[in-house]
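J.: Here's the letter readout for the chains.
There are 2 protein chains.
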Amino acid sequence: MVFTNEKDYLGYLESLAGLPEGFRAAAAETSFFPKERPVEKPLPLRLALVLLDKPSAAFGALFTRNRFPGAPVLIGRERLKEGAVRGVLINNKISNVCAPRGVEDAEEVLGALAEPLGLRANAFFPASTGIIGWSLPVKEMKGALPGLCAGLHRGSCLDAARAIMTTDAYPKVHSVPVGEGRILGFAKGAGMIEPNLATMLVFLLTDIDIGQEALRQSLSRAAERTFNCMSVDSDQSTSDTVIALSSGTKPSVAPEVFEAALEEVCAKLAHSIVRNGEGVSHVMRLSVSGAKSFAEARDLAKAVVNSPLVKTAVYGNDPNVGRIVSAIGDWAGNSGIEMNGKNLLVRLGEETIFENGAFALEAAKEKLLSAYLQDAAMDPQNKKFPPHEKCVDIFVQMKDGDASAVVYGADLSREYVTENADYRS
Amino acid sequence: MVFTNEKDYLGYLESLAGLPEGFRAAAAETSFFPKERPVEKPLPLRLALVLLDKPSAAFGALFTRNRFPGAPVLIGRERLKEGAVRGVLINNKISNVCAPRGVEDAEEVLGALAEPLGLRANAFFPASTGIIGWSLPVKEMKGALPGLCAGLHRGSCLDAARAIMTTDAYPKVHSVPVGEGRILGFAKGAGMIEPNLATMLVFLLTDIDIGQEALRQSLSRAAERTFNCMSVDSDQSTSDTVIALSSGTKPSVAPEVFEAALEEVCAKLAHSIVRNGEGVSHVMRLSVSGAKSFAEARDLAKAVVNSPLVKTAVYGNDPNVGRIVSAIGDWAGNSGIEMNGKNLLVRLGEETIFENGAFALEAAKEKLLSAYLQDAAMDPQNKKFPPHEKCVDIFVQMKDGDASAVVYGADLSREYVTENADYRS
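So the sequences go chain by chain: A and B.
When the letters of the first sequence are read in order and numbered with my numbering, they come out as residues 980 to 1404.
When the letters of the second sequence are read in order and numbered with my numbering, they come out as residues 980 to 1404.
With the rest of the complex left out, here is chain A (with noise of 0.2 Å):
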């Protein structure tokens, strides 16, 4: 979907945004003086609430595997235990990570959430996105929280794809119809993408009737093939959080269609999380086949997408092509494994750059290489909605067995260093 301006953007994100049957969602904001740093104005905070009307035993959950998590992870963790979940409650601008009370701060909130409705604590996951260190501002959050409930509704969960943005330029939605129900999802990421699930934070709700165990399976096989095949800077958060709930009340479907639908949304959340990176301009994509495994034909399409003299290249929409060899000769010298050029062919888009052993270039091949990086650019200034959705095709074709791997990454821009060196300011 191509389109010239944020409001068709957003209206497109509305229709696709429909919560399913058994759940409402609100947001709200408040703001806060951190005691951490000094600050003139109060800086703001935003809360988003997923409720299910019953409490469901149909839930699962991935988190980061940094081994210093947020509290939210720590506590995530916890709540797999549970019986059933009655939802999530999300805040953006602090993670909550290794802050003094980091656990008893967010175990607090979630209790004066769940007071009301006649709940304890356990009965939420609590999500966090923003700066690490910090610590919550409990009070404000509980003063927001009659607020946030007061305005839970049935329409779209677009106020709440919203409110967990940080330096995300647009909400992230997608959602597909599955059997008579429908799997939505919601996201929010933007710097720090990598593997194993960087901050980046996902909702995934359906109204499809599911057990807890299938939920589970298909989740982590989803992510493995989606979320985890992505990258943006390379730095997995703290934070990294996944979580998928149903409230049961549409039949249920056979579990490879289920699941070819849940990887379906997450394939298309990873792609927008990576189209919205920090100042990305272009969006890579590696398509490595012929590799020994999965896992070998992963990692290296990572090392290169990866690479910061590959990143700059392709923001600069240079063919400096030498710099992807050079990135899976690095990987490979690194890891151990042999590798004979002879068996290796790379091409950027429709040139082949790389073959038996020798780059294949020339100056005609050069123009239409800067061409077809120029034609995938987006201006990483002005993009509060993608203008295309375009990718820069890297394919590696190697012949040390059957398995491949596709994995989007992006450029590295003066745009992401601007956002970066500055982003709590």
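Just so you know, these hints were derived from the structure itself, not from any lab.
You may find that some hints are simply not true.
Label pairs and their calculated CB-CB ranges [unchecked claim]: (1) B:1313 x A:983: 39 to 49 Å; (2) A:1082 x B:1368: 41 to 51 Å; (3) B:1122 x A:1342: 18 to 28 Å; (4) A:1347 x B:1329: 47 to 57 Å; (5) B:991 x A:1313: 32 to 42 Å.
Under the rule of at most 25 Å between Cα atoms (straight-line distance), these lysine to aspartate or glutamate pairs were calculated in the DMTMM-like manner [unchecked claim]: (6) A:1121 x A:1083; (7) A:1014 x B:1329; (8) B:1321 x A:985.
Quick caveat: nothing in here was measured; it's all calculated off a predicted structure.
Heads up, the beta-carbon is just placed ideally off N, CA and C, and yes, glycines get one too.
Starting from the known structure of chain A, arrange chain B on it as the hints suggest.
T.: What follows is chain B alone, placed relative to chain A:
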């Protein structure tokens, strides 16, 4: 050493750059039209030559682990089996990596250099840096050789150190006296500098008498603690090379004395390479202690200095210290290494930012840290000489063992992106 202008800095380098006894050096320039890219004007290419007065068996070399090494690396590995060599021919602009006939081209140029001296090509190491994938302009290089040889002199290596620069802003030269002689080193390297020797060319010349095996062992150990403990942008190039040559005209010294002097020269060159990295405005020094092994300490330190989010925060003088701890946790999680936050202490400069499993942040401390980062900044657009030798010191203390490592890294600036987005233009 601090310099307020380029002239004083070059004067200082000149004072360090005197060739040891038994060596001559020269530099020359030529130009060419590449066949791989349309250009309006011929591109400049510089040559540098280091020539021993007599063939020497006391030589050694280390090369990149990249699986697609340049032709000079392939040839250099063979040269290590020669009984003796006479010198090194270096060029910039084209790295001669995976170009069709790359090895033949390099050997042809070396043969043309060797013939008038009554030698064969195998008397010389080749070394090339620059664009990957392009072919050497053999005819133009051969045409420049008579002038190059005519310029051989016994003065300083500063002209050679300048000739081999690519995006380097200033030449890198260091030397230390040892026994009755000295060890002189000169290097190039700007972006793409990581562990395992990235597009870094280093030449170490000494007149101290030393055996081949002793020289090679000392070189390997010194490089492990210096060139392999630095990172500008995590890319390891196809061409990284360190070559050491001894003329043996001065009496030998104790092995440990020689190795200490060699490591000192390597350490100073490594620091210079990072400080002069593409678009670098802060040099980071990561000191890890209490680790189980040197490799673990070094890998943790590299994970922090290579994190784009840490690098951009330091560039922005933003003490967003959560990103440091997140990078440590990310590395540990991905490496399968258990880590207890209670046993971790992290300091930025003099300030403790994390201990006992939680951040230790407050507004007053943040102001101090901002000022600390600002004080260590250099203007990345104007650095024909290093304005100071200050580092951003990050200390990571664990309680898992008694191994430690010190790694030098660089921030990530808008200037880095600009330079690498358009390196070839």
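J.: Taking the hints in turn, state whether each one holds.
T.: Here is what the structure says about each hint:
no. : hint                        : verdict
1   : B:1313 x A:983: 39 to 49 Å  : 41 Å, holds
2   : A:1082 x B:1368: 41 to 51 Å : 43 Å, holds
3   : B:1122 x A:1342: 18 to 28 Å : 23 Å, holds
4   : A:1347 x B:1329: 47 to 57 Å : 55 Å, holds
5   : B:991 x A:1313: 32 to 42 Å  : 36 Å, holds
6   : A:1121 x A:1083             : 14 Å, holds
7   : A:1014 x B:1329             : 21 Å, holds
8   : B:1321 x A:985              : 47 Å, violated
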